[in-house]
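> Let the hints inform the model, and build the full structure from the sequences given.
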Amino acid sequence: MDSVTHDVLLVGGGGAGLRAAIAVSETNPGLSVAVVSKVYPMRSHTGAAEGGAAGAVRPEDSLEAHAYDTISGGAWLCDQDAVEAFVEEAPKELIQLEHWGCPWSRQPDGHIATRPFGGMKIERTWYAADKTGFHMLHALFQTTLRYPPITRYDEFFVTRLLVDDGRCQGVVAIELASGRVQTLFAKAVIVCSGGGGKVFPFTTNANIKTGDGMALAYHAGVPLKDMEFVQYHPTGLPFTGILITEAARAEGGWLLNKDGYRYLQDYDLGTPEPKPVKRSMELGPRDRLSQAFVKESQAGRAVSSPYGDVVHLDIRHLGEAEIDKKIPFVRELCLKYQKVDPVHDMIPVRPVVHYMMGGIDTDIQGATALDGLYAAGEVACVNINGANRLGSNSLTELLVFGARAGRAAAQFAAAQPAPSAALIAQAEDEERRLKTEFLDASGPERVAPLRKEMQAAMEAGAGIYRNAEGLNDAVETVNGVRERFQRIGLDDHSRTFNTELVSVLELSSLLDVAGAVLDSALARTESRGAHQRTDYPDRDDDEFLAHSLVYRSDDGAPRVEFKPVTVTKWPPGERVYGRKASDV
Amino acid sequence: MSETLTMPETVTLEVFRYRPEVESEPTFDSFEVPFHPEWMILDALNYIKDDLDGSLSYRWACRMGVCGSCGMLANGQPVLTCATYLESLLPGPIRIEPLEGFPVIRDLVGDIGDFMNKLSDVKAWLIRDEEKPVEDGEYLQTPSQLADYKQYSMCINCMLCYSACPVYRLEPEFIGPAAIALAQRYNLDSRDEGAEERMDVLSQHDGIWGCTLVGECTEVCPKGVDPAGAIQRYKVSATMDYFKSLLMPRSSS
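Same order as they appear, the protein sequences are chains A and B. Going by the numbering used here, the final residue of the first sequence carries number 893, and the count climbs one at a time with no gaps. Going by the numbering used here, the final residue of the second sequence carries number 503, and the count climbs one at a time with no gaps.
In short, the hints are calculated from the structure, not lab data. Honestly, I wouldn't trust all of these hints.
Stated by the list, open to error - Below, a list of computed lysine-lysine pairs in the DSS-like style, where the Cα atoms sit at most 30 Å apart: (1) A:K878 - A:K401; (2) B:K382 - A:K648; (3) A:K634 - B:K400; (4) A:K401 - B:K485; (5) A:K634 - B:K494; (6) B:K485 - B:K473; (7) A:K430 - A:K604; (8) B:K400 - B:K473; (9) A:K401 - A:K430; (10) A:K430 - A:K587; (11) B:K400 - A:K401; (12) B:K494 - A:K645; (13) A:K878 - A:K587; (14) A:K401 - A:K587; (15) A:K587 - A:K604; (16) A:K430 - A:K645; (17) A:K645 - A:K761; (18) B:K473 - A:K648; (19) A:K645 - A:K634; (20) A:K761 - A:K430; (21) A:K430 - A:K648; (22) B:K473 - A:K645; (23) A:K604 - A:K634; (24) A:K648 - A:K567.
Stated by the list, open to error - According to the in silico footprint, chain B covers these stretches of chain A (three or more CB under 8 Å from chain B): (25) 407-415; (26) 799-808.
Note that beta-carbon positions come from the ideal geometry of N, C-alpha and C, so glycine has one too.
The following block contains the structure:
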């Protein structure tokens, strides 16, 4: 089998992976870096992020204030040492990206412009109109082109981490164009392959967001952390699930029920004002807004649509000029995909699965429990997002922790011996497994129906509100799907760009992620942030001021443990939105 | 849409197939798919893949017109299939083919490696004589300076412009619309100091001069980037530089 050797290898070429690759090269220009991605890097889902990236730079802002908003927004499940590092490095990373050409929106005097965002008390969200992730991704990608030590493996699907002597020493991947199985040895591996929103049927996530990196780490014995916390974004277009950015509300948009009433005032989120008020009403946190939608819908005050209940996002009062200047992509998406013009019409929206707070358990340097294995971005869980991520923290997170993981991996790799020859046997095993289990598989089960059954079960059992009965039903369905997955068959036995094989490998990842979400959600018998249990409606800091860790047992079943949250300065308190803490 | 128009229940897609291990020549497969007014071409392809023939290969990711993966020819026109309603191509049959100008790897999947290399060749990244330390803050850039290049920064690398470009199809050495627009994106950025370096590549025969200003690239661009305008501006500045170098040989070096 073909093999190549690099010093540091990235699995995934989105924002976190590209930032990490540059960090490796800047730390040690002598190291060779491989960026291995199942898509061309500029196709990565970072590019779909719209609203912005948080970093405290305004004179009235402070690192302390950014940390407090993040920690209270995360319902005190954030590790506060990680949040402190995050807010401190955030502005530097955003400036670094500016130096690499990111076209940030500007104030008239040429300084960076900022906008308010949900759950943030001060305007600290940097933005490039409403295509922030797109511009960040392309600026990062184009910047990597000037680093000769960075080699890309575009359209290579990683199927296994190579582990020997307690150390991750590379990966096995399929080159999609040829079907060739390739061994890539490395002294350190950083997983940056994004989240797994496709475990749900209705999501803003791209088709490629299938939790592959989470599954790779999980199979190598690394635990996944806080997987029960799945973020629903309150404003997705019905049918497509396309995201309408929070920036639409930050710039002044209103959420209205069928009577044209700003219903969030009934959910302890403040009183309506004509202009946006930070940490209030439409600028409350995403978990609370999505939960309010469910209640409003149950009360019969939502609007029926062919794709389920919706409410209206109204930005008409901003006027055409402001919409075209600040949120042009919102208008483009509405016109193209919903056939409404938000200058003249209200936008129908409903909550949609958007982001996974959980992921591969890492420390503050991006290191996992397995030597030589690092992770950063949505695939990882440091954890700075706690039980509910604030909008505009994830783009910054992939920069800060991508860079940290890159630096840590560079230092680790420089001190390692060459990868072990024993790994060739592992790689050959993997090649055989891929052939017999998948490529030649001719069983009766087909990938699309299995995927749809799993997704429906996840939506029914592990949505915005959960309980033991619903979660157990979902576990049973997902286990049934996993069992039938053993009898999968492919229409396509070709080696050349076999996208059915890719779908099958992705479903394998999704089933691992689904199982981890469900078991973690069952184990957390409290309600916190995005994890709301109707059978355990209260937050329970005595038992659950703790991160869940799900391990894969030898028999393949998940096993859940807990470890305490790190608290530095901010003792757990009430999450207050739309009223003064002193009014409580 | 007129109310007198009745919508069909199904629509037929004639899809380009090429499996190099099976066929020596491309063929077309015909698929009948349900018609829904909210479906894009991509939804119909996904229906085929999920329910009719799992072996059909094509790329897609975001389904919101920003990742640039799903460009194909629909009835001969280069389009993003995630942003083109089936409705717009009724009554069908709708012919789906890979983008022109790229070697076909399999079915609707083309090889875009040539573009990736050209993006590096034109140095599509910010070049500074001296990099400012991060501690010194951002480079100032006014909204109007931002507006000078913003349009060219919107390129999603979807390759529709290459597919539409008659020059690229005949002369694959031609750097082509998107890569030139991205070079121009940096040339026009007030923070950049690399225009001269880039000019070395672009002023070669296969750089900008191949373009005959047909303007097809701008017509098909789904993001309003206007590569033809970028090329035209480049030609003007390259010509100016050339005449300056004749008139003032010492000052141009």
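> Would you mind marking each hint as holding or not holding in the structure?
Consistency of the hints with the structure:
Restraint check for K878 of chain A and K401 of chain A: satisfied, since their Cα atoms lie roughly 23 Å apart, inside the 30 Å limit. A distance of roughly 46 Å separates the Cα atoms of K382 of chain B and K648 of chain A; the hinted pair therefore is violated under the 30 Å criterion. For the proposed pair K634 of chain A and K400 of chain B, the alpha carbon gap of about 12 Å is at most 30 Å, so the pair holds. Of the supplied pair hints, the one linking K401 of chain A and K485 of chain B is violated, its CA atoms being roughly 38 Å apart against a limit of 30 Å.
With a C-alpha separation of about 39 Å, the suggested pairing of K634 of chain A with K494 of chain B is violated against the 30 Å cut-off. A threshold of 30 Å between alpha carbons decides the hint, and for K485 of chain B with K473 of chain B the separation of about 23 Å falls inside it, so the pair holds. The straight-line distance between the Cα atoms of K430 of chain A and K604 of chain A is roughly 26 Å, inside the 30 Å bound, and the hint therefore holds. As the CA atoms of K400 of chain B and K473 of chain B are separated by approximately 12 Å, the hinted pair is consistent with the 30 Å bound.
Between K401 of chain A and K430 of chain A the CA atoms are separated by roughly 21 Å; this keeps the pair inside 30 Å, and the hint holds. Proposed proximity of K430 of chain A and K587 of chain A is supported: the alpha carbons are some 5 Å apart, at most 30 Å. For the suggested pair K400 of chain B and K401 of chain A, the alpha carbons sit about 23 Å apart, so the restraint of at most 30 Å is met. Annotation: proposed proximity of K494 of chain B to K645 of chain A is violated, straight-line Cα distance about 47 Å (limit 30 Å).
Straight-line distance between C-alpha atoms of K878 of chain A and K587 of chain A comes to about 23 Å, which keeps the hinted pair within the 30 Å bound. Of the supplied pair hints, the one linking K401 of chain A and K587 of chain A holds, its CA atoms being roughly 24 Å apart against a limit of 30 Å. As the CA atoms of K587 of chain A and K604 of chain A are separated by approximately 23 Å, the hinted pair is consistent with the 30 Å bound. With a C-alpha separation of about 33 Å, the suggested pairing of K430 of chain A with K645 of chain A is violated against the 30 Å cut-off.
Restraint check for K645 of chain A and K761 of chain A: satisfied, since their Cα atoms lie roughly 26 Å apart, inside the 30 Å limit. Between K473 of chain B and K648 of chain A the alpha-carbon distance is near 18 Å, which keeps this suggested pair within the 30 Å criterion. Taking the CA atoms of K645 of chain A and K634 of chain A, the gap is near 18 Å; set against the 30 Å cutoff, the hint holds. Straight-line distance between C-alpha atoms of K761 of chain A and K430 of chain A comes to about 40 Å, which puts the hinted pair past the 30 Å bound.
For the hint pairing K430 of chain A with K648 of chain A, the CA-to-CA distance comes to about 34 Å; that exceeds 30 Å, so the pair is violated. Distance check on the hinted pair: K473 of chain B and K645 of chain A sit about 12 Å apart at the alpha-carbon level, within 30 Å; holds. Between K604 of chain A and K634 of chain A the alpha-carbon distance is near 34 Å, which puts this suggested pair outside the 30 Å criterion. Distance check on the hinted pair: K648 of chain A and K567 of chain A sit about 20 Å apart at the alpha-carbon level, within 30 Å; holds.
Under the rule that three or more residues need a Cβ within less than 8 Å of chain B, the assignment of the stretch 407-415 of chain A holds, with 8 such residues. Requiring three or more residues with a Cβ within less than 8 Å of a Cβ of chain B, the coverage given for the stretch 799-808 of chain A holds, as 9 such residues are present.
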